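S.K.: The task is simple: from the sequences and hints, build the whole structure.
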Amino acid sequence: MTGRLQRGVVLVVVLWVIALLTVLLAAFTVSVKTDRQGVAGVVSSVEARAAMDSVLNYLAAMNGVGAPELEEMAGQRYELKLGDQEVSFRVYPETAFIPLNGLELVDLIAVLDALQVENPEEQAAWLVELRSGGIDEETGERRAPVQIRSMDHLAQLVGMDGGALSEYGGWFSFVGQHQR
1 MTGRLQRGVV LVVVLWVIAL LTVLLAAFTV SVKTDRQGVA GVVSSVEARA AMDSVLNYLA
61 AMNGVGAPEL EEMAGQRYEL KLGDQEVSFR VYPETAFIPL NGLELVDLIA VLDALQVENP
121 EEQAAWLVEL RSGGIDEETG ERRAPVQIRS MDHLAQLVGM DGGALSEYGG WFSFVGQHQR
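To convert, note that position 176 of the sequence shown is 176 in my numbering; the numbers rise steadily by one, no gaps.
Since the hints were made in silico from the structure, they are not lab data.
It is possible that some hints are incorrect.
Taking lysine to any residue pairs in the SDA-like style, the calculated list, with each CA pair at most 25 angstroms apart, reads [claimed, not checked]:
no.	residue 1	residue 2
1	Lys33	Ala19
2	Lys81	Gly64
3	Lys33	Leu56
4	Lys81	Asn101
5	Lys81	Phe97
6	Lys81	Thr95
7	Lys81	Leu56
8	Lys81	Lys33
9	Lys81	Gly66
10	Lys81	Gly41
Pair ranges (Cβ atoms, derived) [stated by the list, open to error]:
no.	residue 1	residue 2	range
11	Arg149	Gly38	29 to 37 angstroms
12	Gln76	Glu141	44 to 52 angstroms
13	Asp152	Ala114	16 to 24 angstroms
14	Asp35	Gly8	16 to 24 angstroms
15	Thr139	Val175	41 to 49 angstroms
16	Arg149	Thr34	37 to 45 angstroms
17	Asp35	Arg7	39 to 47 angstroms
18	Leu70	His153	51 to 59 angstroms
19	Tyr92	Thr22	20 to 28 angstroms
20	Gly159	Thr139	42 to 50 angstroms
21	Gly75	Val46	26 to 34 angstroms
22	Tyr92	Glu141	38 to 46 angstroms
23	Asp35	Ala114	46 to 54 angstroms
24	Gly38	Ser150	27 to 35 angstroms
These numbers come from a predicted model, not from an experiment.
The C-beta atom is built at its ideal place from N, Cα and C for all residues, glycine as well.
M.R.: See the structure below:
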């Protein structure tokens with residue numbers, strides 16, 4: 001009887017060990033799969049960054065040598081084969097965007113009104129004063145000019161929620177100084 005009991009106990013212990021090993025194997029498999037996906041994501045982002053850098057370097061080189069083709073490239077879609085990836089891009093001149101830091105007061109009022117900013121006339125006058133520097137009324141010292149850096153920065157300056165203006169970001173330029 002004792003032999004049968006011992007064999008039964010050994011069988012239960014063996015089954016428990018097999019179950020434990022199965023759980024450990026499943027956990028290890030999930031861990032390896034997760035790590036593999038993480039590494040694949042990192043590799044993909046590094047490849048994308050390298051592709052973007054390649055396009056920017058290509059365009060900078062063309063601009064640096066004064067390639068006449070650069071003028072004709074505006075708005076057209078181009079593709080570059082970079083290793084296993086194909087990168088497509090378009091070239092848009094800065095004048096294709098509304099230059100928030102270069103607009104005259106009347107045009108800035110119209111833009112702020114279209115963006116549904118409260119008191120667009122007052123806000124536009126304040127932004128023009130802000131970007132041109134001026135004298136601080138309290139201290140009498142000259143203030144450094146402040147340029148609008150992004151749609152979030154514009155929203156902060158005019159007291160709006162950044163999300164409300166972010167959808168319009170593709171229409172504007174923050175580096176261009178052209179007047180159109």
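S.K.: Of all the hints numbered above, which does this structure not satisfy? Sort the numbers upward.
M.R.: As far as the earlier hints go, 3, 4, 5, 6, 8, 14, 15, 18, 19 and 20 are violated by this structure, in ascending order.
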